[in-house]
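S.K.: Protein chains in written order, with the working numbering: chain X, 1 to 301; chain Z, 1 to 301.
If you are wondering where the hints come from, they were derived from the structure by calculation, not from laboratory data.
Treat the hints with care, since some could be wrong.
Identical copies carry no separate label here, and so any pair may be met within one copy or between two of them.
Stated by the list, open to error - Derived BS3-like pairs (lysine-lysine); straight-line CA-CA distance at most 30 Å:
1) K184 with K208
2) K2 with K249
3) K208 with K76
Protein chains: 2
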Amino acid sequence: MKIAIVGAGALGLYYGALLQRSGEDVRFLLRRDYDAITRNGLTVFSVNGDFTLPQVRGYRAPDEIGTVDLVLVGLKTFSNQLFAELIGPLVGGNTLILTLQNGLGNEEALAELFGGERIMGGVAFLRSNRGQPGEVHHLGEGRITLGEYQCCNPERVEHLLGMFTRAGVDCRPTEDLKRSRWEKLVWNIPFNGLCALLRQPINLLLAKDACRRLVLDIMQEVITAANAQGLARPIAEAYAETMLGITYKMGDYHPSMLIDREEGRQLEITAIFRKPLEYGRQQEIMMPRVEMLATLLEQIQ
Amino acid sequence: MKIAIVGAGALGLYYGALLQRSGEDVRFLLRRDYDAITRNGLTVFSVNGDFTLPQVRGYRAPDEIGTVDLVLVGLKTFSNQLFAELIGPLVGGNTLILTLQNGLGNEEALAELFGGERIMGGVAFLRSNRGQPGEVHHLGEGRITLGEYQCCNPERVEHLLGMFTRAGVDCRPTEDLKRSRWEKLVWNIPFNGLCALLRQPINLLLAKDACRRLVLDIMQEVITAANAQGLARPIAEAYAETMLGITYKMGDYHPSMLIDREEGRQLEITAIFRKPLEYGRQQEIMMPRVEMLATLLEQIQ
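Sequences are here, hints too, so could you generate the full structure?
M.R.: Now the structure itself:
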């Protein structure tokens with residue numbers, strides 16, 4: 001399969017490297033890492049074992065790549081206005097576009113430009129960081145929950161599932177991509193938001209009753225908004241407590257948005273906060289705590 | 001009038017100095033400033049003109065002062081557990097206690113210890129800072145709104161009003177002290193809280209639509225809780241917009257809680273946030289944004 005990686009950061013480089021290692025024809029659209037990767041290849045430092053790809057196909061512009069079978073989108077969501085420019089030249093008649101980006105609104109934006117029938121989405125649970133140019137660090141997890149944006153092509157899902165599985169990625173199908181995205185937000189909104197705002201790891205948030213209560217209240221707001229979106233199966237209220245239980249075991253974990261703030265990068269406030277707020281409001285669900293958190297994060301951005 | 005100043009910080013030193021200058025017999029309970037003040041007196045650097053009191057009566061312990069006509073309480077509210085120890089020895093049969101502290105719950109705590117009939121409260125609008133030992137800086141304002149905790153002794157209010165007026169303080173009576181305290185909170189809760197949390201002056205809060213909206217939403221929560229407390233006259237909803245209009249003219253003003261945070265001091269979260277939340281809840285008024293703000297401030301405390 002001919003695959004283009006658009007947004008070759010910590011996520012795109014990692015999954016792209018795994019796919020190339022398993023035999024796929026992967027083309028990376030590169031900026032910062034272009035010189036290092038085209039000269040010396042790409043090295044993955046991974047909790048599952050390090051490896052180097054000495055020959056990697058890197059490009060500076062999408063029209064040098066041409067049309068592909070699959071575009072894998074790993075862009076930070078605040079760069080979504082570049083979709084047309086970066087992805088347009090890659091799309092032929094049968095091209096699939098799979099976004100592994102954070103939050104909500106990405107499939108919709110891609111569908112508007114390229115048609116909904118070719119859009120797929122994956123919810124990625126990955127801990128990875130960029131290193132020096134030509135390097136990427138895989139710190140943990142890597143699982144992808146994968147589904148169609150529009151109903152229904154089970155063979156196509158099976159095909160991508162097989163591709164990721166061969167590449168060593170724990171990849172699972174979902175028949176309700178929207179639900180999977182909202183489920184991830186139940187965790188992401190409070191923990192990414194509060195940790196980034198307060199510059200504290202998750203165990204400090206959970207150390208005080210009032211703040212633990214706030215986390216649960218935020219989770220309930222997200223669950224209520226999610227369940228107003230016409231999901232096939234609602235998210236149970238108890239999901240919040242379940243998530244909290246899992247989070248206790250994560251110790252002094254720094255969520256990605258906290259790391260983004262610590263390293264001075266832009267925060268993905270629109271996709272993770274403002275889009276969910278917008279979809280909630282469309283169903284007349286108000287989320288005062290999520291709204292306040294988004295506003296406070298924009299204020300420190 | 002024999003007056004004891006308990007809590008001789010930026011507020012207590014300033015009002016105490018004005019009262020002594022106008023001829024009252026003022027006794028200061030001192031810790032940090034004891035040596036400097038008993039040796040060299042007290043200097044006020046004021047926007048209204050500097051002055052020095054070369055002779056000031058300073059004491060280390062309240063029983064050295066004995067009973068007085070009036071105790072003026074300027075303690076930071078997180079030291080309210082010291083009321084019995086610091087004020088007890090000063091109280092005789094006819095002693096009045098006037099608290100000029102921030103937030104809610106101070107009159108109640110004093111009334112429980114010393115009886116409600118002798119308690120009065122003043123809402124102080126004062127910008128002052130401690131300087132070197134023996135010095136206090138008056139940066140602006142100074143107005144006091146003064147009233148009875150329990151109904152009703154107009155002569156007593158008149159008497160204190162006259163005393164402050166002679167001392168050069170713009171002092172006005174209120175027949176609804178509770179309302180005056182809540183009115184001040186309509187400004188104090190959003191601006192002290194958000195500025196301290198974000199480490200931003202007020203003009204940065206007002207620069208973005210979403211944050212200005214958040215300020216107004218918080219103000220409305222406070223107004224709703226206030227109006228559930230049985231005030232003689234409700235606070236109008238439009239009061240929020242009025243306050244906002246005044247605030248625009250204050251430029252890059254740093255509210256006192258922001259200064260407290262910048263200088264590493266403890267924040268008055270209980271009196272300014274938790275007590276209003278408690279009084280709200282007693283009337284079944286929930287304040288989700290105020291609650292979230294209190295929780296976030298406790299988290300960085």
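S.K.: For each hint, tell me whether it holds in the structure or not.
M.R.: For each hint, the structure was consulted:
| no. | hint | verdict |
| --- | --- | --- |
| 1 | K184 with K208 | both (24 Å within a copy, 29 Å between copies) |
| 2 | K2 with K249 | neither (40 Å within a copy, 61 Å between copies) |
| 3 | K208 with K76 | between (32 Å within a copy, 24 Å between copies) |
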